[in-house]
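Novice: Heads up: the sequence lines are chains X and S, in that order. Residues in the first sequence are numbered from 302 upward in steps of one, following our numbering. Residues in the second sequence are numbered from 3 upward in steps of one, following our numbering.
Calculated directly from the structure, the hints in this document are not laboratory data. Keep in mind that this is a model prediction, so the values were computed, not measured. Heads up, some of the hints might be wrong.
[Said to hold, decoys possible] Computed, partial: chain S to chain X, Cβ under 7 Å:
(1) L76
(2) F154
(3) I160
(4) T162
[Claimed, not checked] Partial list, computed: chain X residues near chain S (C-beta under 8 Å):
(5) G330
(6) G333
(7) A346
(8) I349
(9) F372
(10) I373
(11) G376
(12) I412
(13) V419
Using N, Cα and C, we set each Cβ at its ideal position, and we do this for glycine too.
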Amino acid sequence: MTRNPVLQVISKIMIPVILLFASYVQFHGDFGPGGGFQAGVLFAAAFILFGVVFGIESVVKVLPQGVLRFFIASGVLIYGATGFVTLYKGGDFLDYNVLSSHGPSGQHIGILVVELGVGITVASVVIAIFIAFAERD
Amino acid sequence: MSELVFVGLFAMLVLTAIAAIRLTDLFAVVIMFSVYSLLAASLFVAMDAVDVAFTEAAVGAGVSTILMLATLVLTDRWEKPRKNKALLPLVVVSITGAVLLYGTLDMPDLGDQNAPIHQHVAKRYLSDSGHEIGVPNVVTSILASYRGYDTFGELIVIFTAGVGVMSLLGGRRKKKKVENNDT
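Here chain S stands alone, though its shape is the one from the complex (with noise of 0.2 Å):
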């Protein structure tokens, strides 16, 4: 039963994703992208990790269609019709798409549990941080306290983003004013 769930969703993003390159309508493709997101989030959702259904579905299918929307209206809504055949385009991508392929071969089955991911850490995750650190939530306890560091370091990640975007687009609206003023 859930592997026809997995099927199912799986072809619904490959066909999402056909559609959102084959649209010129940009408007389109980015409702196809929030799609995209929102099939991912029940994908996760279907193979239990919540946690990242959660942030796949607020960030993926929520946050950035809305910044998308934002771009597409500085922008143009339609996308310009192009005349040279990408051939060449179309062999690099063929040949880098059998190459991933090839490499998913030694990849262990999904849900396989004897795959090495399982076999390294999780277990003492799973039996220690009960009395450990107490908390019921394993994703948490391991995000906050045994991997503290890591999250630390994401935050500053998204920190910088922050402070990237906000030197290279704000301050616009102390300009906006000042042309205000003059009017």
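Only chain X is shown next, with the shape it has when bound in the complex (with noise of 0.2 Å):
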């Protein structure tokens, strides 16, 4: 992969930018459109971009492959976990009424931790597919 020191340079000034968007996304889907999916993947595209310009060497050393699959285990693991909590507090699976005393508020505690697990998820399992991709070049 040829080094190109304008690309360089300018993914350098925008990953910053888009894993702020990524979690700005991430955390006020509540609010505006966007949510855990489209979270994770503008996390992943940061880490392609990153991939793309420097080379998949350096996106390995940043997440390697170890990194990675807690990663893309631990999101599925939060949901689920979420939903045993719930049960624990004497609802349904994924009641998050009983995660507060005020219904409403546990549904906002439940809705951003079960959101942050799928955004995990996804931003690992498609940088994972990136890198199964690229590496084999």
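Since each chain sits alone in its own frame, please combine them into the complex, following the hints.
Specialist: Here is the structure:
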């Protein structure tokens, strides 16, 4: 892969902005468009841009395969664990009302945690698929 | 005015699809697919489905284009010319298309408020989600709360896809490392 200094400088400026925007989409999904899925893909897009411009080895250095596998599984576990916490608190599976004494604020906590799980798994799966494809050449 | 936008975007969508079929340069075909996704995302924005548009633009126009380009690096850039005339596939595609078009005759008009989809639970979500969930974005409250089970299922689908790709394509790097050590 050729090293283009213009691309490198521009993407060094752009990657933090993309990551920041992904976080905004992640945590502001209750109010505006977006949520875990979109934020996860945006987050992964920053890493993909990093990989395209700086080489796939740089991405592997930042996110080794073991770390990626951990994140892929932990997102699903966060989602499932939320369901079991609500069961433990006496509600139905994924019934967020029991998470707080005031119903809607419990819903708010539940949605935030669940969307975080979605975001983590989606981002790490997309990055892992990109690495798996790009490593083959 | 909005009808004009719809017609224009749909016309460009069809033209992009035809161009993608006709071209033999696979690099151009991949870019055409990307343009197709971007046009679809614009259509979703025009139809006020911003959440879907967001996903379409990020996944369809962004990530899947990158994945197809990465695949293209491993294969040939030019499509092999086809010798035989594809008459049977043409007949099959025409019949399928005609049946699908016939199927759309029964569908409700675009934006029809009396369509069955708007009569079922949508009304309850729109009127009650404000005080039941307390989240301004109704799409989020449906996805994460009312339909929490379904979203959990979707997440597991993505998880399975990731595990599948990693077990099929992953682990290549270790072999390369061994080769590098030998030389």
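Novice: If a hint holds in the structure, say so; if it does not, say that too.
Specialist: How the hints compare with the structure:
no.: 1; hint: L76; in the structure: 6 Å, holds
no.: 2; hint: F154; in the structure: 6 Å, holds
no.: 3; hint: I160; in the structure: 5 Å, holds
no.: 4; hint: T162; in the structure: 9 Å, violated
no.: 5; hint: G330; in the structure: 5 Å, holds
no.: 6; hint: G333; in the structure: 7 Å, holds
no.: 7; hint: A346; in the structure: 6 Å, holds
no.: 8; hint: I349; in the structure: 6 Å, holds
no.: 9; hint: F372; in the structure: 10 Å, violated
no.: 10; hint: I373; in the structure: 5 Å, holds
no.: 11; hint: G376; in the structure: 7 Å, holds
no.: 12; hint: I412; in the structure: 4 Å, holds
no.: 13; hint: V419; in the structure: 6 Å, holds
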